[in-house]
Amino acid sequence: MPMRRILTLLGALAVLMGLIWMGQGSGYFPYPASSFMIDQSPWIAYGAGLAIVGMVLIAIARRSGR
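Under the working numbering, the sequence shown has 46 at position 58, and the numbering climbs by one with no breaks.
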């Protein structure tokens, strides 16, 4: 598997995980109900940071393909 695909996959997973963390931290995605992350505002920032890292990885992967 070429490096470009690996970076794209890791970036996409990071964006998805970041969105889930943001949803749990804001209370919009309260699953599982026993999660310690629900309605905890620091997880919104952590999720945003992870999503940004994922977008950077995707951008690097797209540039490396040229």
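Check before you lean on any hint, since a few could be wrong.
[Stated by the list, open to error] Cβ pair distances, simulated, as ranges:
(1) Ser22 - Arg(-8): 27 to 33 Å
(2) Ser23 - Pro(-10): 33 to 39 Å
(3) Met5 - Arg50: 16 to 22 Å
(4) Leu1 - Ser29: 21 to 27 Å
(5) Ala47 - Phe17: 24 to 30 Å
(6) Ala21 - Ile48: 20 to 26 Å
Source of the hints: derived by calculation from the structure; they are not laboratory data.
We put the beta carbon where it would ideally sit given N, CA and C, even for glycine.
Results for each hint:
| no. | hint | verdict |
| --- | --- | --- |
| 1 | Ser22 - Arg(-8): 27 to 33 Å | 39 Å, violated |
| 2 | Ser23 - Pro(-10): 33 to 39 Å | 36 Å, holds |
| 3 | Met5 - Arg50: 16 to 22 Å | 20 Å, holds |
| 4 | Leu1 - Ser29: 21 to 27 Å | 24 Å, holds |
| 5 | Ala47 - Phe17: 24 to 30 Å | 26 Å, holds |
| 6 | Ala21 - Ile48: 20 to 26 Å | 37 Å, violated |
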